[in-house]
Amino acid sequence: MSNKLRMLLIVIALTIIFLLGIGIISTEQIPPLNSVAFDKLMYGLKNPDFSIYLEGNRYIIETIAIALLGTIFSMIIALPIALKSSYKINKNYKRWNYISPLIRIFPDLLIGIFIVSIVGPGSWAGVLTIAIVSCGTSIKFFKEIINKNDNQSFTYAKQITKSSFLGNYLVVIGLNINEILANALTRLESNLRIAVIIGFVGAGGVGNVLLHSIQTYDFETAFALIYVLMILFIILDYVAAHIRKKLR
Amino acid sequence: MKKYKFFLLFYLTIYFLTGIVTSNWSFFNIFGLLLNIYANFFYGVQFFLKMFTPPNLAYLGEVWKPLLESLTMAYISVFIAIPFAVVISLLASQRVNKNKVTLNLTRLLISVDRSLPTYVKASIFVAIIGVGIWSGILALTLYAIFFAARQITNIIDSADMTAYNYGLKITNKFSATILFLYDQVLFQALSTIIYTFEINLKSSVIIGIVGAGGIGSLIQFNIDWRQFANVGAILLVVFAIIALIEFFLSKLREVIAYE
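First to last, the sequence lines map onto chains A and B. Every position in the first sequence, counted from 1, becomes a number in this note's numbering once 59 is added. Every position in the second sequence, counted from 1, becomes a number in this note's numbering once 16 is added.
In isolation and in its complexed conformation, chain A is listed as follows (with noise of 0.2 Å):
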C-alpha cells in the first residue's frame, strides 16, 4: 500500500510539475521556419565544400590531440585521488569523496568559460578543461574498480611496499590494468565530444571555426567539418568496442 502510495505521490509531483513547465512554456510563441537558412541548410548537406582542409589548418587533428592529451593528465590526477578516496586503503576517505561530485556539477562548457578566463583563449585552456570535467567521472569509476578488490591484495601490497602510498599505486594499477584502460578508451570517446564544443568558448580545437560557419549560414563548410568529425567518431566507436572486448 504504502509503496502504491509513494508512487502515486509522484505521479502527481511529475504532472504538477510538467503543468507549470507548460505554463512557461506557453509564453514564448513557436517561431516560424526561417527559409533562407533552411534551403541554405540543405543545400549545405547536400554540396559540403572540403576546401578549408586544403588551407594549411589543422583543425581536426588539434582537436584530437586535445582529447588524447586531456585524457592523460585526468588519468594522472584521477588514480591518486581515486586511491585517497577508497576506504580499503585510506582511512581518512570521507573528505575525499567529496571532489568527484563537487566537480561533477559543473556543465562542461562552464568549466571551460572558468578556465579561459583564468589562463586566456587558446588550445591549451580546452586541455586542462579536459582534465578537470574527465576527473570527475574517473575518480567515480576508478573508485568502484579499486573497492572491487578483495583484502588479500592489499595486504599483500602493505607488506611488499611497506604501505607506501607510491607502492600501493603501483600494485593497484598493476591489479587492474584492463579495467582502468577500458575506462580510459570510455572516457577518450566522450572527451572527444567535449574537445569538439569547447571551442565554442575559444579553448582550441575546431568549435570555434564550427560555431562561425554555422552563425554565418556558411552550412558548406560547417558539414564538411561535421561529416569528417561524424566518420571519425564512428571508426573511434569501432575500434574503442573492438578493443575493449579484447581487454576483458
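These are computed hints drawn from the structure, not numbers from a lab. Here the structure is a predicted model, which is why all the values come from computation and not from measurement. Errors might be hidden in some of the hints.
Here are the computed lysine-lysine pairs in the BS3-like style, where the Cα-Cα straight-line distance is at most 27 Å [said to hold, decoys possible]: (1) A/K217 / B/K19; (2) B/K218 / A/K199; (3) B/K267 / A/K63.
Heads up, incomplete: computed chain B residues facing chain A, CB under 7 Å, no partners named [stated by the list, open to error]: (4) I92; (5) S127; (6) K218.
Cβ coordinates follow ideal geometry from the N, Cα and C atoms, glycine included.
Position chain B relative to chain A; hints supplied.
Just chain B now, kept in the frame of chain A:
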C-alpha cells in the same frame, strides 16, 4: 633497456601531442607548460576569485525567470523524448527486432546522432528557427531520445529474456513486449531516464551561450559586458539548484533500485 622503452614511448606521445597543441617543438615543451602553470595558474585563480566575489545579490531578482526556463527546457525535453526513446530502443535491440534492415538503420541513426554534440545541434536550430527557448528544447529532445534509446537497448540486450520468450508462445509480439519485457526492464529504464534528465539539466544551464534560451544567455551577456559580480550571483543560484536537484534524484534512484 627494455624497461625504459615504455616510458620513452609515453614521453614521446606526450611530446608530440603537446607540440600539436602549443606549436612549441622544443624537446622539453611539456615541462615548459608545467612551469607556466606553476607560475601563472594560482595567480589566475586568485584573480578569478577576486573577479566573481562578492556576488551582486541585488541581481538575483532577474535570475529566476531564465533559471525556470532552463529547468523547464530540461524536463520538457525528457518528457517528449520518452515514448520515442522506447520505440527506437525496441527497434535497435538485436533480441526484439529480427529485421536486419531496420535494425542497422536505427543503429546508424543512433551513432550519427551521438556524433553531434548537443550544443552543435542547438546552434544549427538557432540558425534555422531563431533565438529562443524552442531551439534549445528541440536540441535537448533529440539528444535525450537517442541517448536514452541507446542505454535502454543495452539494458534490453542484457536482460533476462525467458519470460519474454515464454510470452511469445502464448501471445503476439506486441503484447509480449508490453506484458513481459516491460516488466523486466522498467526500473533500470526509469533510472536511465533520470540520468538523462541530469545530463540535460547540466546542458540546459549553459546551452544559452549559443543563443538557445535559458540562463546561459544571461551568463554570456554578463561576461560580454564584464559584469562579473552579476555572474557570481548567477552561478551561486545555479549551483545551489543543481546540487539540490541532483541530491533528490539520487535519493529517487535509490528508491527505484530497492523496489
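We went through each hint and held it up to the structure:
1. For the proposed pair A/K217 and B/K19, the alpha carbon gap of about 24 Å is at most 27 Å, so the pair holds.
2. Note on B/K218 and A/K199: the hinted pairing holds, with a Cα-Cα distance of about 18 Å set against a maximum of 27 Å.
3. Taken as a hint, the B/K267 and A/K63 pair is honoured in the structure, with Cα atoms around 17 Å apart against an allowance of 27 Å.
4. For B/I92, the interface hint holds, the least distance from its beta-carbon to any beta-carbon of chain A being 5 Å, beneath 7 Å.
5. Evaluation of the B/S127 hint against chain A yields a held restraint, the C-beta minimum of about 6 Å falling below 7 Å.
6. Interface restraint check: B/K218 against chain A, minimum CB-CB distance 4 Å, threshold 7 Å, status holds.
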